[in-house]
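Enquirer: Using the sequences provided together with the hints, build the complete structure.
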Amino acid sequence: MASLPALPSKDSEHRAPAWSAVLPNRWALLLVLPLLAMLLGFVVYPLAKLMIDSLTTGEGLGNYAAVLESPAGRRALITTLLSSVLVSAVAVGLGGLLAWHIKVSKSTLVKAVLWLAVLAPFWMGTVVKNYSIVILLSSEGPLDKGLELLGLAPVSWLYTSTAVALGMVYTMVPYAAFSLYGVFLTIDRSLLDAARGLGASRARAISSVMLPLAMPGILASGALVFAISLGFYVTPVLLGGAQAPFMASYIQDYIFTFYDYPIASAASVILLVLALLTLGLALVLVGRGRLQRAAA
Amino acid sequence: MQPMSWGRSRRALGALAVLSICVGLGACGSSGKSSSTLTIGDWGAPIDEATQKAYTNQFDAENHLKSQFVDAPGVQLARVEAQNQAKQIQWDAVDSLDGGSAYTLYAKGQLAPLPAATKMRFEKELGAQKVTPFGFSHGSLGDVIVCNTDKMKSCPSNMAQFYDTKQFPQQRMFGGIEPIEAVTTAEVAAGMPITQTATTPVDVKAVIKTLEGLKPKIKVFWQSGEQQQQIMRSGEVPLGIMWSDRAYQLISQGVKLKVVWTGGAYEPSYWAVLKGAPNSTDASKLLEFIASHPKSEATWAEIVHDSVPNPLALTYLPPSIGSQLADNPMNLEQLATPNFPWYANHSNELNTAYENFLRG
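Protein sequence lines correspond, in order, to chains A and B.
When the letters of the first sequence are read in order and numbered with the working numbering, they come out as residues 539 to 834.
When the letters of the second sequence are read in order and numbered with the working numbering, they come out as residues 64 to 423.
These are computed hints drawn from the structure, not numbers from a lab.
Worth double-checking, as some hints may not be accurate.
Listed below are several chain A residues computed to face chain B (Cβ distance under 8 Å; list not exhaustive) [to be verified]: (1) S608; (2) A610; (3) R613; (4) W653; (5) L657; (6) W661; (7) S676; (8) P680; (9) D682; (10) T700; (11) A703; (12) G779; (13) Y788; (14) T795.
Derived list of chain B stretches under chain A, where covered just means 3 residues or more per stretch with a C-beta under 8 Å from a C-beta of chain A [said to hold, decoys possible]: (15) 116–123; (16) 128–141; (17) 263–276; (18) 280–289.
Ranges of calculated distance between the beta carbons of each label pair, as one might list FRET restraints [unchecked claim]: (19) A:I590 <-> B:V133: 25 to 35 Å; (20) B:K278 <-> A:G663: 29 to 39 Å; (21) A:V811 <-> B:K278: 29 to 39 Å; (22) B:G107 <-> A:G769: 19 to 29 Å; (23) B:G107 <-> A:M589: 26 to 36 Å; (24) A:F580 <-> B:S386: 46 to 56 Å; (25) B:K278 <-> A:G631: 29 to 39 Å; (26) A:G579 <-> B:P279: 47 to 57 Å; (27) B:N419 <-> A:V811: 47 to 57 Å; (28) A:L815 <-> B:D134: 53 to 63 Å; (29) A:G663 <-> B:S315: 26 to 36 Å; (30) B:I384 <-> A:L690: 38 to 48 Å; (31) B:N411 <-> A:A741: 51 to 61 Å; (32) A:V651 <-> B:V133: 22 to 32 Å.
Glycine is no exception: its CB is placed at the ideal position from the N, C-alpha and C atoms.
Expert: Next up, the structure:
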């Protein structure tokens with residue numbers, strides 16, 4: 539009887555190394571180098587130059603004083619900050635509701651409609667999106683006609699801060715919904731059922747179980763929406779008119795209309811610092827550990 | 064004859080290669096840009112299309128050139144300043160550059176002065192009032208009062224009435240850009256004769272005070288021609304200041320507007336050659352071509368509905384269009400010309416004051 543060939547022992551031959559998804563450090567570094575180079579060239583360098591220019595051209599530190607002392611600069615800064623805070627709160631609230639219902643709904647139709655609502659603003663250009671709101675809010679638009687049919691006096695919506703806030707919220711809700719949907723997916727719904735089973739009310743279950751779990755994501759989403767809202771330009775101009783005091787319009791005027799780069803640089807740095815401070819604050823509020831867990 | 068050494072033959076080959084490259088590029092000894100190209104800083108459609116159709120198609124064919132347009136609507140000043148700052152002038156000429164920007168750039172030495180002989184020729188062809196030390200007016204319009212006759216029983220008949228918020232309490236629209244034209248309307252409303260606005264220094268505090276009186280009745284400050292039209296078309300306000308060409312376009316689309324020229328601001332624009340332009344010779348030739356072709360100017364005006372400089376152009380235009388142009392004597396005599404030379408030296412002061420009035 540022929541004997542079976544002996545199985546090769548572990549030590550008796552060279553085996554190919556097992557496949558691993560983790561790249562050796564040197565290869566990972568090599569792959570990420572082009573990205574780092576682009577980051578340095580197109581983000582770090584221009585931002586550093588912007589900061590240096592804001593301090594070395596024109597009046598130097600006086601550029602900052604000029605922005606903060608001018609009524610237009612101060613008002614633009616305050617309006618931009620307040621609007622961005624308001625828009626972030628509303629967009630995260632609405633986006634959160636949409637995202638949660640997409641997660642929990644069992645109806646495919648409802649899910650499809652909700653996804654459509656979230657995605658639709660992404661399919662439109664900025665100008666088209668804002669003009670659709672202009673049509674909706676104009677004095678002879680459908681909203682005023684509806685009020686007229688109800689026997690109510692028409693409201694002058696367009697070219698007000700309400701119109702600007704509405705336009706910004708419409709643009710930002712999808713960003714909030716997307717980021718929060720990812721967060722909600724990680725929450726085990728049975729935890730809410732367990733809380734209810736243990737006697738918690740619906741509101742208590744949400745506030746004690748769901749919100750603490752989702753809070754890092756909610757704050758991160760709010761910070762993202764806030765940072766984007768700080769730079770809005772088209773929406774304030776189209777829905778609020780040239781008089782809408784927003785930092786982006788202020789900066790645009792100083793670059794393209796007045797060609798005053800030092801003032802525009804200083805205003806840009808102020809806006810950038812505010813955005814970074816907000817992100818830093820969000821990091822502190824969420825807590826490093828929770829953020830690391832959320833990212834893991 | 065001695066055979067060529069390797070060193071010499073290598074140098075000869077090198078020289079041949081450089082020569083071939085030079086011949087191929089046709090660029091040796093030049094600044095690197097082909098002299099057969101003319102670059103024009105423009106407004107985008109419909110102005111660049113009109114310029115192409117009325118002027119550069121024929122001019123290019125006659126001079127074996129290729130004109131190319133760079134769209135910079137409303138930001139020509141910034142683009143020219145940026146080219147100067149970078150010490151790399153890329154444009155040769157500017158098409159219908161607004162008055163405020165043109166005078167500012169000239170004051171900064173960024174527009175080429177017209178040679179004396181050319182200036183005299185232009186003055187003879189176009190009339191002295193159309194010619195400046197750096198070019199000639201082209202594409203001029205008026206900042207006029209417009210009133211929606213469907214919504215208002217009576218309309219202001221001059222600028223003082225437009226500023227009278229008791230007699231006309233309706234909401235208005237007003238310019239959010241071009242401060243010098245905006246403050247000129249305020250000067251006229253405050254009683255300055257239209258013959259004096261072009262030469263009287265602007266009293267910034269006084270005009271801002273006049274504007275502050277009007278501000279509670281300004282619902283929206285526009286930022287572009289499209290926005291002016293959208294606001295009046297939608298009936299958002301029944302009254303406003305608007306560019307004359309945009310107003311007549313709306314009327315042709317069926318919007319019932321009354322246009323009032325009395326006390327409006329004259330808004331001239333200019334063709335000019337940039338100082339240090341890579342192809343200034345052909346750019347100057349183009350200016351001479353435009354000035355001496357009234358029929359082509361009429362073609363341009365018929366497309367854009369803005370003024371052209373040669374008085375003869377009016378004879379080629381249908382009266383319905385000629386009557387809408389700011390340079391038509393019957394309109395021009397009702398308009399106040401802003402003090403552009405003053406603005407060129409005080410733009411920072413006025414711009415900051417207007418910015419604070421607008422958004423402060």
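Enquirer: State for each hint whether it applies.
Expert: Going down the list of hints, with the structure as the test:
| no. | hint | in the structure |
| --- | --- | --- |
| 1 | S608 | holds, 6 Å |
| 2 | A610 | holds, 4 Å |
| 3 | R613 | holds, 6 Å |
| 4 | W653 | violated, 32 Å |
| 5 | L657 | violated, 27 Å |
| 6 | W661 | violated, 23 Å |
| 7 | S676 | holds, 4 Å |
| 8 | P680 | violated, 12 Å |
| 9 | D682 | violated, 10 Å |
| 10 | T700 | violated, 14 Å |
| 11 | A703 | violated, 17 Å |
| 12 | G779 | holds, 4 Å |
| 13 | Y788 | holds, 7 Å |
| 14 | T795 | holds, 7 Å |
| 15 | 116–123 | violated (count 0) |
| 16 | 128–141 | holds (count 4) |
| 17 | 263–276 | violated (count 0) |
| 18 | 280–289 | holds (count 6) |
| 19 | A:I590 <-> B:V133: 25 to 35 Å | holds, 29 Å |
| 20 | B:K278 <-> A:G663: 29 to 39 Å | holds, 33 Å |
| 21 | A:V811 <-> B:K278: 29 to 39 Å | holds, 32 Å |
| 22 | B:G107 <-> A:G769: 19 to 29 Å | holds, 24 Å |
| 23 | B:G107 <-> A:M589: 26 to 36 Å | holds, 33 Å |
| 24 | A:F580 <-> B:S386: 46 to 56 Å | holds, 53 Å |
| 25 | B:K278 <-> A:G631: 29 to 39 Å | holds, 35 Å |
| 26 | A:G579 <-> B:P279: 47 to 57 Å | holds, 50 Å |
| 27 | B:N419 <-> A:V811: 47 to 57 Å | violated, 23 Å |
| 28 | A:L815 <-> B:D134: 53 to 63 Å | violated, 38 Å |
| 29 | A:G663 <-> B:S315: 26 to 36 Å | holds, 28 Å |
| 30 | B:I384 <-> A:L690: 38 to 48 Å | holds, 45 Å |
| 31 | B:N411 <-> A:A741: 51 to 61 Å | holds, 58 Å |
| 32 | A:V651 <-> B:V133: 22 to 32 Å | violated, 46 Å |
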